[in-house]
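Colleague: The residues making up each chain are set out below.
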Amino acid sequence: MWSPTECSKCLRKNPSNMMTDLLGLSILELCYIGASITFILGLKMLSSPDKARKGNLIAGYGMGLAIIATILFKEELTADKWLNYTLILAGLIIGTVIGTRMALKVKMTAMPQMVSFFNGMGGACAAVISLVEFDHLRHGQETESGMLLVILLGLIIGSVSFSGSIVAYGKLEGKIGDKALPAGQFINIALLILLFGLATWMVVVGCSEMSFIYALLFASLLYGVLFVMPIGGADMPVVISLLNSFTGMAAAFGGFLYGNQAMLTGGILVGSAGTILTVLMCTAMNRSLTNVIIGSFGGGSNSSSGKEGSQETVKEISVTDAAILLAYANKVSVVPGYGLAVAQAQHTVHNLEKILEEKGVELTYAIHPVAGRMPGHMNVLLAEADVPYPKLLEMEDANDSMNSVDVVLVIGANDVVNPAAENDPNSPIFGMPIIKVWNAKNVIVLKRSMGKGYAGIENELFFHPKNRMLFGDAKDSLEKLIAEVKNL
Amino acid sequence: MEELLSLFYENREFIFLIIVSVFLGIEVISNVPAVLHTPLMSGANAIHGVVIIGSIIIMLQADPSNYYALILGFLAVILGTLNVVGGFVVTNRMLEMFKKKSK
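Going line by line, the protein sequences match chains U and P. Residue numbering for the first sequence follows our numbering, beginning at 72 and increasing consecutively. Residue numbering for the second sequence follows our numbering, beginning at 3 and increasing consecutively.
Isolated chain P, as found in the complex:
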């Protein structure tokens, strides 16, 4: 219990940030027209690829002799990059078509 309390207290700023971000996320997309649902989902998909930063941090902090961390970290970097790059490129392809139409 005490540990959970200290977890809360130590991270109160992060918890504050989380709550604000939740409302921001809801607010930011609440006016999206149905036409853009698919590109928006795809764009959001690319943004959560930010998880790749975690995998880079693992690799930076891993001891060069810790093969468990190195191999899994390497795998995580590939997976994260796929999410980021694939996500943004697919979204861009979808939106390219909208641009062509509006001219």
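If we strip away everything but chain U, and leave its shape as in the complex, we get:
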């Protein structure tokens, strides 16, 4: 079960090969140590903009090293297992080809769901490993309860991570809507108790029936679906990050099972780093993790209904007027949101920035921590369009200087500029830090229609005296604005 005993076993088996076996196993362990170091360094370097790319590559090389070393040195290579080796290579090639193609083809706007999908694959891998090891354990002479415990935990966490990630993927792709079962929370808690009750019973009794493990697998998959289903789309990044750390834990259980240090360190690092990242994201939205998981978003139909009675008027602005306002401003601030990403307008907005700058306008971007679909998502998109770093202001800095801004251009953002977060305690987003655009002299909101934001609530900002709306597709409107500004 553990490498030292394994080593002595194989030494007994073939004494003449003693030196080569010891050499191979030592090389293997060295490679695992090396891989663990690259994982730590990689994560560390991913935290700084200059070294991030190098960090990712280093961790990738470490992973490659660990995989190759496992194939070569883990077991004595024998001719009668040719089928096994062929299947390993075939699996690696198939996975590499499909994975690379998917990763290269995906649009920048669809990154979050891609991460969720790959995360689900890792979870599924951990669950399948548990299935095989359970069968393996079943055929052994005696059932070790410790091993069984580790296998079952790996199965539960891996399956929940898999089905949860796939639901999150579907939601972000827009294929699955937000559906909350009546009394869904009770069903979830009951299912969770059932899951752990069944697992505990199996460990205590030493159950080795295949039907029970399939029941456990099914219940775990179901739990993953029910767990993510009622959570609103706006909270998906937090959920993906949480599921990411789940898969890390599932990988760590695998490491425990095989006494494999690389799997252990890699899995635990991601498990703990992922949990912290989840908490950081929650803090950015001023919500607690339990709030995200239990309180489903946008479900409060009675919360903002009071506003609907007072039908205030929304003022529209023409493209020409907007262009004049922008061209003669001293300071312009752009608040980008997911609408900008959907319209693929990041390059267009950069063009507008260049033209306005030629006219002596100072333009900055105010980035809300959760603008887009994930923290940092908007920065990635604007980076793609070559917008220089110093122009991207974080929310606090943007709010501090908002009084001196002449025109704020809100492009496809909604919830992150909704004053309800400050003054409507009944609103589901109450307490979320927002960009206070109404402190500027003028606000122009570029929006497709009067539709609601991702959180599904009204935005009072649209009725604010300082605000005017420019309806239409973000990219379209921006292109018209550029043409108008050029003509001035």
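Think of the hints as simulated: they come from the structure by calculation, not from any bench. As the structure is a prediction and not an experimental result, all values here were calculated from the model. Each residue gets a CB set at the ideal place from its N, CA and C atoms; glycine is no exception. Wrong hints could be hidden among the right ones.
Claimed, not checked - If you want the footprint, here are the derived chain P segments under chain U, 3+ residues with CB under 8 Å:
no., stretch
1, 13-24
2, 27-39
3, 43-57
4, 60-70
5, 74-87
Dock chain P against chain U, hints included.
Modeller: Same frame as chain U, now just chain P:
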């Protein structure tokens, strides 16, 4: 009970390693700027793809006549590779853009 105790004792070094790694994981990413949250999550996602080693071990140890293990192991290798390769390539694509900008 006795078995759980022996599980703990036999694996005390692993448990030690787990605890140290938990704190290391927290420490390593605690200073990450918000800009890098998405790439970091994606990079971490690729790293937990290390679970693929488990699937390779299954395949190496499986008896060539045990089709249950071979088929599921093969599936696990594909799933794990998707996680590893897809994860690293996506992260690299995200970070490529940061590099372009900083020049």
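Colleague: Would you say the stretch 74-87 of chain P counts as covered by chain U, given the rule of at least 3 residues with C-beta under 8 Å?
Modeller: holds (count 14)
Colleague: Tell me whether the statement that chain U covers the stretch 27-39 of chain P is true, taking a Cβ distance below 8 Å and needing three residues at minimum.
Modeller: holds (count 12)
Colleague: So is the stretch 60-70 of chain P in contact with chain U by the C-beta rule, three or more residues under 8 Å, or is the coverage claim wrong?
Modeller: holds (count 7)
Colleague: With a cut-off of 8 Å between beta carbons, are at least three residues of the stretch 13-24 of chain P near chain U?
Modeller: holds (count 6)
Colleague: Per the coverage rule (Cβ-Cβ under 8 Å, at least three residues), is the stretch 43-57 of chain P covered by chain U?
Modeller: holds (count 15)
Checked against the numbered hints listed earlier, the structure breaks none of them; every hint is satisfied.
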